[in-house]
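Novice: Produce the complete structure using the sequences and hints provided.
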Amino acid sequence: MTVTERQQLSYIAAQAADARVNLEIETEGMTLNIGPQHPATHGTLRIVAKLDGEQVVAAEPVMGYMHRGYEKLAEVRTYPQVTTLINRIDWLGSFANEVPFILAAERLMEVEAPPRAQWIRTILFELSRIANITLFLGDMAVQVGAITPVFFAFRDREHVLNQIEAATGGRFHPNFDRIGGLKDDLPAGWVAETRGAMRKIRAFCDEIEELVEGNEIFQARTRGIGVIPPGVGLSYGLTGANIRASGVDWDVRRDSPCGLVHDQVDWKVWTHPDGDSFARFWVRLQETREATKIVDQLLDGIPSGPIMAKVPVIIKVPAGEAYVETENPLGVMGYYVVSKGDLNPFRVKIRSASFSNVSITPWLLRGVYVPDIITILGSLYFILGDIDR
Amino acid sequence: MGLVPGLVKGLVVTGSTVVRTVFPKRGVRTLVPAPTKGAATVQYPHVKEAPPTRARGVIALHEGNCTACMLCARECPDWCIYIEGHKEKAPPRRAGGKPRQVNILDRFDIDYALCMFCGICVDVCPFEALFWSPEYEFSEPRIADLLHDMSRLSEWMETVPEFEDYESGSVAKQLKVPPT
Amino acid sequence: MIGVLSELSYWQVTSIRVVAGLVAVLLVAGTLVYAHLFKMVSFMQSRLGPMEAGPYGSLQLMAEIGKFLQKEDIVPRRADRFVFKAAPFVVLTSTFLLLVVLPGGPDAWFISNDLGIYLAMAVSSVSVIGILMAGWGSASKYSLLGGLRATGQLIAYELPLLLAVVGVVIQAETMNLQEIVLAQANGEIFGSGVIGNPFIITQFVGFLIFMIAMQAELTQTPFDMPVAESELVTGYMTEYSGLRFLLFFIGEFATAGVFSAIAAVLFLGGWYVPGLDPADNLLNVLGPLVLFGKVVLLTFLVFWVRFTFPRFREDQLQRLAWKFLVPLALANIVVTGVLKVVV
Ligand code: SF4
Ligand code: SF4
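Residue numbers (my numbering), protein chains in the order written: chain A, 3 to 391; chain B, 0 to 179; chain C, 39 to 381.
Don't read these hints as lab results, they were simulated from the structure. Note that beta-carbon positions come from the ideal geometry of N, C-alpha and C, so glycine has one too. Please note that the accuracy of each hint is not assured.
Claimed, not checked - From the derived model, a few chain C residues whose C-beta atoms are all more than 10 Å from chain A:
#1 ALA73
#2 LEU97
#3 LEU153
#4 VAL204
#5 GLU217
#6 VAL328
#7 GLY375
Stated by the list, open to error - Taking lysine-lysine pairs in the DSBU-like style, the calculated list, with each CA pair at most 35 Å apart, reads:
#8 B:LYS36 with C:LYS105
#9 C:LYS179 with C:LYS105
#10 B:LYS24 with A:LYS295
Specialist: This is the structure in structure tokens:
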């Protein structure tokens, strides 16, 4: 897989050749707008694809149709209010959005959540990862044409969402994380129920393995499609399962943990050497399994104690700046928080994983067929809210 | 052999789901088709699922506790709580004492068309006047009707469940819902 | 029935036939939509499907038809109006024409034609023209891509379909569908004539090829590249709305029913019930029901596969047809021919 430089060079050369051909012979390709309203873009992403027959000559993602201005909004909201906004960035794994921001604020305030809060935080973090990726596992199958798996995904994601709702009160937008701890403690019986949910998720993973991953048609559609060499992936800023599927063994949860207790449990980072769409699917499937194991182990060892550190009622964050990133379901998500000592953050820069993940599409989509566009986009797995913020 | 097993396995998975849905495990009655029991969905208007106790469905107002301090309205991220109040002199507690000042609530509206169900108002209220109720059936054909006024918000109080016990190992103090 | 009909005048016979044809197509299509698309698939996905319209949602299809009839019939501004409007009817015509040669009982059928199966195969490809018309006439890029894919695919799969049938024709020594049924009814297998000789046993390879090619002809997953809703919206149907979309929709299911009926006639013994005399008049009543039962069974397979598998890519699909199915079908023909001569 050391075609990195050669592929890049040939990309440049082909682009130049294209421009020349278009100028000289005036071949007229077809421009296909995939999106913003299109069944395959899970939201409002637009891909302008120049086609030659069914082959893509050039593809350009156009985003911003769902821009909600969270970075600016966060500047005029107090710290507790920001969490409820950023819940909506990656709407499938919302709790995971809150964590890096809260951690950054905690770092600025120099408080640390009590251990019980950290453990519960990590459990919910992994639960939202499961809720998010389960849907991907079903959705990927829809992108290549199988309809049933996504219903299985919706069915079994429900168990996880129920647990999140039982603990936080919100199915999709928990708003449960607070600076210095958590809003509330777990309700009685939650631990046992979550174990049951994890069992169901593992059964779901087995089902998906048989129904989708083992399916020869699925493999024929995804193997060797959209190969990202590790070097190219890294230079485009790919993170998360996308880069792990290219064989890069990098996981923020393990390599630079901060504030979460992943280092207390025994788990494994999955990688796949191929870097194609199938590898991305496979890595995510394994990650879901791994996440259920993490949750199970964490459930065993929740320490007792308070869930809130001592923080003032009115939160004023001292001046300073902090950057915290965590391994979110979609990839690395980071918040760079600058405070001037007010009630509001002075500036919040959100590094969301999907934005970087889709930026590779022009490179990746050249020369593929129209059906493969969808496969590749599906396997890169982005959430529109996470791109546009 | 490459082609067959994966495809067949897939068929088995979907086929067995059909069987599990139509013939859910119910002891001796398993052989009687009962898709309504086997399906993962419920037929909503006829059957209702009970949301968890903590579910953030609708905000209930305990009128007697509210002092019109405006904290909730100030902290609400999209400012959808409207409060008006005035001060009144109440008769003194003890005979011969000074008359007390009390805040009387004139208006307390929450616009659910704007509310994000974040729960900040319930959290910040220092007098335990706001509570979450898991009721969720309050959609309206007209968007203006989503503005719930004081009496409507107080009615929700009846649906507020008791706070649940905490999981073992917790040291958090359990709250009580005041009687209406 | 032909005996009875011959005493009536021409217009009476014709109108009876038209009504019978309409009933046969629409009733079957409706049942298939309800039983498979609404219910079976819902169960497959752990849900219930429509439950409100009629008991267990059985009138849902009526509600859907009502909905589609109310909708505006939109024609895109740049569309080729005539071609665009005519396309659904062309597709549906091919379905009705297919029905003509299908036998439902010893006497219950429309025309006796010695070229029966040949005619059926020829007529079935008329729908390609309709689809191409729809794809071209819509003036939409998605429709165009869908139409082109559909045409390529239907032409590619017509061949294995035809070749799979040839094996049956060799064994039955006739192309007349009625006589193919009789050949199965009167045949013997393993030295006993108890169940007749349904060709699925001797022509199992042919049956598999026929089912795969049929799946492709019907553009059902895994061969639904032309309508691939996650990439081409709905392919050649993208621009259609209202009644015309409904026609495409009904056409899809009616064609599934009719093709399954042909498969049932060719491989499962058609209307014949083992143990009865093939000339028994009872079979004129029982026959269509038996055939219908077999159709439901075969379409169940079609939809089971459809809702389980992902779809092929265009090139993989063509490769499967030309490199795998066609040679296999040819081999099947050779083996059948040799055995026919030797045995
Ligand atoms: S839940 Fe949030 S948005 Fe709704 S009224 Fe309370 S503070 Fe405002
Ligand atoms: S509800 Fe609570 S926070 Fe809001 S005005 Fe009343 S007492 Fe104050």
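Novice: A separate judgement is required for each hint: does it hold in the structure or not?
Specialist: Results for each hint:
Against chain A, the non-interface label of C:ALA73 holds: every CB pair exceeds 10 Å, the least being about 17 Å. With a cut of 10 Å on Cβ distances, C:LEU97 stays outside the contact zone with chain A, its closest approach being about 24 Å. Listed as outside the interface, C:LEU153 is consistent with that label: its C-beta sits roughly 36 Å from the nearest C-beta of chain A, beyond the 10 Å cut-off. No Cβ of chain A comes within 10 Å of the Cβ of C:VAL204; the nearest lies about 28 Å off, and the non-interface call holds.
Once the 10 Å rule is applied to beta carbons, C:GLU217 is consistent with being away from chain A; the minimum gap is 38 Å. Interface exclusion of C:VAL328 from chain A stands, the closest Cβ pair being 31 Å apart, more than 10 Å. Annotated as non-interface, C:GLY375 keeps its C-beta farther than 10 Å from every C-beta of chain A; the closest such distance is 32 Å. At most 35 Å may separate the alpha-carbon atoms for a hinted pair to count; B:LYS36 and C:LYS105 meet this at roughly 30 Å.
Proposed proximity of C:LYS179 and C:LYS105 is supported: the alpha carbons are some 27 Å apart, at most 35 Å. Of the pairs offered as hints, the one joining B:LYS24 and A:LYS295 holds, with about 28 Å between alpha carbons and a cut-off of 35 Å not exceeded.
Of the hints listed earlier, there is not a single one the structure fails to meet.
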